[in-house]
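J.: Sequences and hints are given; from them, build the entire structure.
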Amino acid sequence: MKRLTIRISAISLVLLFFTCVPATAQLAYVPHEDPEAAKGSAETLSQLTYYKDVLNIISGWNYKDRAALLEKLKRTDIPEQLKSIAQTYGDLAVELNAILDEVERSLNEVALLILQNSFTDAQRELDNSDKLIEKADELLEGPQGLMQFADTAHRYAGDVAIPVVDKVRDIDNRLTKLAQESTTLRAKFYPSQLEIGAPEQAYPGLPIEIGGKISSEGNIAGRDIKGLLDGEPLFKATTDDQGLFRYQLVLAKETWVGEHKLSITVAPEDKSRSAGCSFDSTLTVVKATPQVKVRIPKVSILPQTIEVTGEVYSELPLQGATVTLQIAGISTATTLQDGKFKAKLRLPLKLNIMGFQEAKLNVKPLEPWHSPFETKAHLFVLNPVNLGVILAAFVSLGILSTKRRREVRRVGKTFPAFAEIEQPVKHALEKPRARLEGRRGIILEAYFRVINLIERVTRFSMESQMTLREFLKVVKPDIGGAAEAFSGMTNLAEVILYSPYKPQEGDVLKAKKLASRIMEALTSGKP
Amino acid sequence: MANRKLWLLVLPILVGLALLIWFYPSNSDFRVENPLWNGARDFVTEFQALPINSLDNLPTSQETTLIVIPYLKLTSTDSQKLKDYVISGGRLVVLDDYGFGNEILEYFGLEARFSGVQFLDPLFNYKNKNFPRIIDFAPSSVTTSIKSIVFNHATSLENVSQNKVLAWSSPFSFLDENQNGNWDDGEKKGSFPVVAKFEMGKGDFILIADPSILISSMVNTEDNRQFLKNIVKGEVWLDQSHLPEVALDEAKAKLKVTRNALTTVGATLGLIVLVLVLTLKPIWYKGGQ
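Sequence lines, in order, name chains H and G. If you read the first sequence in the working numbering, its first letter stands for residue 36, the second for the next number, and so on. If you read the second sequence in the working numbering, its first letter stands for residue 19, the second for the next number, and so on.
Treat the hints as calculated values from the structure; they're not laboratory data. Since we're looking at a predicted model, the values are computed, not measured. Accuracy of the hints is not assured; some may be wrong.
Just the calculated beta-carbon pair ranges, DEER-fashion [as the list claims (entries may be wrong)]: (1) Gly204/G <-> Arg140/H: 47 to 55 Å; (2) Gly204/G <-> Asn143/H: 48 to 56 Å; (3) Lys107/H <-> Thr78/G: 38 to 46 Å; (4) Gly208/G <-> Gln183/H: 32 to 40 Å; (5) Asp201/H <-> Tyr125/G: 50 to 58 Å; (6) Glu115/H <-> Asp74/G: 48 to 56 Å; (7) Asp201/H <-> Lys220/G: 56 to 64 Å; (8) Gln66/G <-> Glu115/H: 38 to 46 Å; (9) Gly208/G <-> Asp201/H: 25 to 33 Å; (10) Asn163/H <-> Gly204/G: 54 to 62 Å; (11) Asn163/H <-> Asp222/G: 56 to 64 Å; (12) Lys206/G <-> Leu147/H: 55 to 63 Å; (13) Pro53/G <-> Gln183/H: 54 to 62 Å; (14) Gln98/G <-> Lys107/H: 38 to 46 Å.
Computed cross-link-like contacts, SDA-like style, restricted to lysine to any residue with a CA-CA straight-line distance of at most 20 Å [to be verified]: (15) Lys107/H <-> Ser166/G; (16) Lys107/H <-> Gly208/G; (17) Lys107/H <-> Asp154/G.
Just so you have them, the derived chain G footprint on chain H, three or more residues with Cβ under 8 Å [said to hold, decoys possible]: (18) 65-72; (19) 105-115.
Ideal Cβ positions, reconstructed from N, Cα and C, are used throughout, including at glycine.
T.: Next comes the structure, spelled out in structure tokens:
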């Protein structure tokens, strides 16, 4: 039977195995493989061929096609570093080509302007193209330029990078050709250069001098000069035989403070084929701020007239400025004389008692080259009237409270028993002074005597916030044989203190008996 | 007595085997029951596709898509059913690489063919040249928002006019006719059509030169999912009747038939009677004695 079982099980398992074989038979090729388990492969030849093609055509394409090509490049199996090289190369080459196109356009424009005797525009266009040539040169030969890149690419990718090297060479040749063309065009007329001597700073209302010199291989004498401030005419002048000019002017007093564009232009001269030129600089308009020295009293007792004096200094002429002094809303004005001022101000009585007050001193110069100025000082102000009233109030309060305290003491002495009943615990602490009357007094006095004794024996004092029961609970372990009697005594004292019960003669006797038992127990030395 | 003991042994083994077959997952390619990497369960779940085991009763609504992977020969009746389905307005998607897709095309009277030869792409690929990456697409509703799709051991299409092609392989791909994995002289090279669309009657049909984009491990690779989403319209039907079956699938199918049969009223009643008879047999026998 066992054998039969084993045989049947084995046959079943074999059958099951065959039923689980995947259905992939009868096909010429494997229909698929598990992408998770698939291994990557580097097809170097295909990659490099494609890469070379990409580099070869990348810079020749327009921007849109180049972007599409680079997008496709991302989806190839090419190493990331090579993709990055192609991307950088493409960007640089396209940017350079665009700049060179612009230079070419600019130089064509220059040639046309020369034909039209527009030498100034031609010179400006030439300057522009020279700047572009300079930028292209930087992109080509700079530390991160295309030549450096081509060198790296060649080292990294070998012959694959030859298209890059060739293309860079083409760009270099084109740039050289354009630079030569620029020089040739410049030689067709006489460019003018302008040197300017103008201050960097100026004050409104104060004179400034602007001068300069024109240099040109053409004519320099009698050339028209125009000066502009923020595009507005500022002055006109003419050069002398040496090409020099000089002009003195006063800036309008309304000229705002800040940076202004100062432009000096020289008009072109057709008959001498001399180009015009211009020079731009920044003229900063400023205003001087006077320095003020103030002398003000340190303390003032109100009401008082205070005198504030001082001096105002400036590096520029300063006369007749208005000086305004203001303290706590009261102000006075005076005029500056020989750089000095003196101002008097009556400080009235006000609600304040004492404290520091801010004094504002405002200087308003008359000259447009000065800016108004404000300074602050502080003085200590005392108001004796308010101070006296407050002192009187405090003294009155003091007297009143002393009187009331005395009254309370007097009342307390008149009704000692009442106080004892109201505050038994407090009274218990003052037990030597207690005066108790009647049966109640006798019982409580006995209780207090006992407490006094227990306190001495146990060295534990009854606290003011303790109840009688709490005290009993605390001292009970320490008083041994007297504990039971003290418990009875505490109960009796509680009844007397907190209930309307009137003690009888029996209670008095009981209290006395309990007290003597406690004392006996505590004094016998057997607690 | 010996017979009785034999039954006691065989019956549990049979029940155990049935349970094992029932619960053991299918591992057949493109099968909807297959939850593994090569199954179509993810596709069915994601696209709520309806698996069908016969081409009878195909839908007639225009807003339906029927996906066929012809790995088994089609009868002329089957081909006619497919043709009727397309003419009546349905969308037929024929996914094939090395199967019998050309029989459908021939029946439809088209010149287009699946080349039946694997193409490799050593440059534009996913992991290696067996996984060509398709990045060239013709603008169409099928290729909207698609940047790249990935095939898995794919073939190419032939004799398709350019205006019918929706996607091409890269120029670096080649047909590996001798299956040595490298390009050799004489082997075709260049961009091959891999997806094409044709109109017929009120409907249309799309040819895709790789059915593997349906399998669970490929559905979510790059833009494959979006591509499939663009292809299907309306209700999706996935034909399972032209996929090869292994014994496990057959056994599963038979078990399913058996279970379905047992769930009918007559069969359930019969089963109850059988259990009663077997249970009461000893009592009947004792009474007789």
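J.: Kindly indicate which numbered hints from before are broken by the structure, ordering the numbers from low to high.
T.: Hints that this structure does not satisfy do not exist here, as all of them hold.
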